[in-house]
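Asker: Protein sequence lines, in the order shown, are assigned to chains C and B. Numbering of the first sequence is given in the working numbering, commencing with residue 57 and proceeding in unit increments. Numbering of the second sequence is given in the working numbering, commencing with residue 278 and proceeding in unit increments.
What the hints contain is simulated information worked out from the structure, not anything from laboratory work. Hints are not guaranteed to be accurate.
Unchecked claim - Below, computed lysine-lysine pairings styled on BS3-like, alpha-carbon distance capped at 30 angstroms:
1. 385/B with 410/B
2. 79/C with 543/B
3. 310/B with 385/B
4. 514/B with 543/B
5. 279/B with 506/B
6. 79/C with 279/B
7. 506/B with 79/C
8. 528/B with 543/B
9. 410/B with 213/C
10. 385/B with 79/C
The model shown is predicted, which means the values in this text are computed figures rather than measured ones.
Chain by chain, the residues run as shown.
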Amino acid sequence: MRELMYLQAINEALAEELERDEKVFLIGEGVQTGTFGTTTGLVDRFGPERIMDSPLSETAIAGVAVGASMLGYRPVADLMFADFMYVCADEIFLKAAQWRFMHGGLQTLPCVFMANIGAYRKLGNEHSQCPFSLVLRSPGLKLAAPSDPYDAKGLLKTAIRDNNPVVYFFHKGLLGMSGPVPEEDYTIPFGQAVVRREGDDVTVVAPSFMGFWAIAAAEELKDRFSVEVIDPRTLEPLDLDTILVSVRKTGHLVILDEDTERCGFAAELAMQVMEKAFDDLDAPIKRVCAANYPIPGGVMEKYVIPQPEQVMAAIEEVMA
Amino acid sequence: MKFEKEDLVKLYRNLVRTRAFDEAAVRWLAQGKLLAFYHPAQGGEAPGVGGCTFLRDDDIVYPHLRGHGLPHMIGKGISPKLYLAEHCGKATGAAGGMGGFHSVFPEKGALGAGGTIGSCFPVSVGWALAAKKNGRGQVVVCFFGDGSANRGTWHEAANMAALWKLPVVWVCENNGVAQFVPIEDAYPLEDLSNLASAFGMPAVVVDGQDVMAVAEAVTAAVERAREGKGPSFVECKTARFGPHGIGNPDKVHGKDRDPRQIEELKRRDPVALFRSRLLEQGVLTEEDAERISREAEAEVAETEAFIDQSPFPDDPGMLDRALYAE
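Chain C extracted, bound-state conformation (with noise of 0.2 angstroms):
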């Protein structure tokens, strides 16, 4: 099969179904030249109208989605980073998320808001985070976090499909994977998450980019344990069958999660697993996370956020 890099598998993505329905409209800024080569050239293909550069107004454009969604259409909101939510979380949170349950289901919003998530390039608070408990926790929004091309086209094309709001997290360190995708148009169902390696001893949870480091950790340990890892690619709605399953046959659970430890993704899932499927573990569930602080600058940003030395060391604890 063909391959593609992972920021090519979103422009391919956004390019099929611009093509397949008229509806579909990118807005954000600076989209036409595009500031991580995901939106470049599409503009060529499908002029202004349709490929809307917009002024630097987060609020404004997060406005766009979901005001244009009301009306029919499936605008596509890229905020460029997710650590910019913040500037428009009223369009986003309560809005978006919020006003079809509020209108007593009157309405759809088929809205994408995408923006990159990650740390790991020193950029600092502001362009480095990763929040997916801030999204998890706004019922009505649905989050997908695609760990490879593949995914990256097939899950983009399921969220602008959808007919509700739907945040899309690609990862910056991602961008430049290469990885098979097929030509043809397919679409991941959203909810269903992928085994990425087989395991028998330990179930690894890694969304995203965690997932890189999952596989080279059980890579590493091969010869000690046999290790599962599990990309849930999208955490709302989560596949949790898919990880129960898993957690019944090894009975060791690590999860990952590069969002602040405190109230986040991996915190969730532990209580929602414990709640399923406590008898089945067999030692307490470790997570690896980022430690609780804002993302400092510079070098020291490897104190705060997950490293590989730590995701090795939660499968050693739990095996211990």
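Assemble the complex: chain C is given as a structure, and chain B must be docked to it using the hints.
Answerer: Below, chain B without anything else, positioned relative to chain C:
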């Protein structure tokens, strides 16, 4: 726009109905029938009624908070029955009792109203962009107060709307006080219409107690927007006769608002002003005016009976159906 006699009567009737329903809402809140809270429209009915009565059904309004949008919804031809049943938490309400005072009537262009003041601007830009794209000639009319435009959302939305010549009309209901903060403490401006000039938008200041002046100014702005000439701004100098919300003290700077000032404001009651004018002009007789008032009271009574007979929602399954679309 030239207003025919029937237009003027319609405008007057909507004004009278708004006052009647607003007074009813205050009563019902005290009786525990109207749920949540209430921010009366009294004194500030003309901008919403004048700005909405002559819109098309498919024009879109973002109602201002005063009267929780009653002036706008009544102006737009929306049944106060469904709106107030919703506000009373009844299953017969427009959103099945899920929305409370968050009003929605998609078929009449009321697509929603938020609780965070100033969030009207970005969403209105989204509606206006869709209206421009779909080419059906729809116009968005966004109503907001002097307090709302203190938000930064105004800047982003006004700029984007002007830049892209979107079909939106910004109607500022300036009553000179945002909850407890008088306008001189909130702006270094005499006229809020100045907020439009930075973006090259035309703006007018009208007497917001004169419902016809509002209707004329908004209609002109709507026609301009419909012709593809972009957004404009109408500042209505209006009034608030009572406190910000029922149960709030009516104070500024921690002290009661000057009763003489309120008396002064009440001398320019928009309902009474329009009534006198229509009587003077012979558009209405005293009997006509009395009949319109009686009809409004009858509509209130009928609405109250409808609400009283309506059940509260009791199906938690609604929550799931409303949360995500298929």
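Asker: Looking back at the numbered hints, which does the structure fail to meet, lowest number first?
Answerer: The structure conflicts with hints 2, 6, although it agrees with all the remaining ones.
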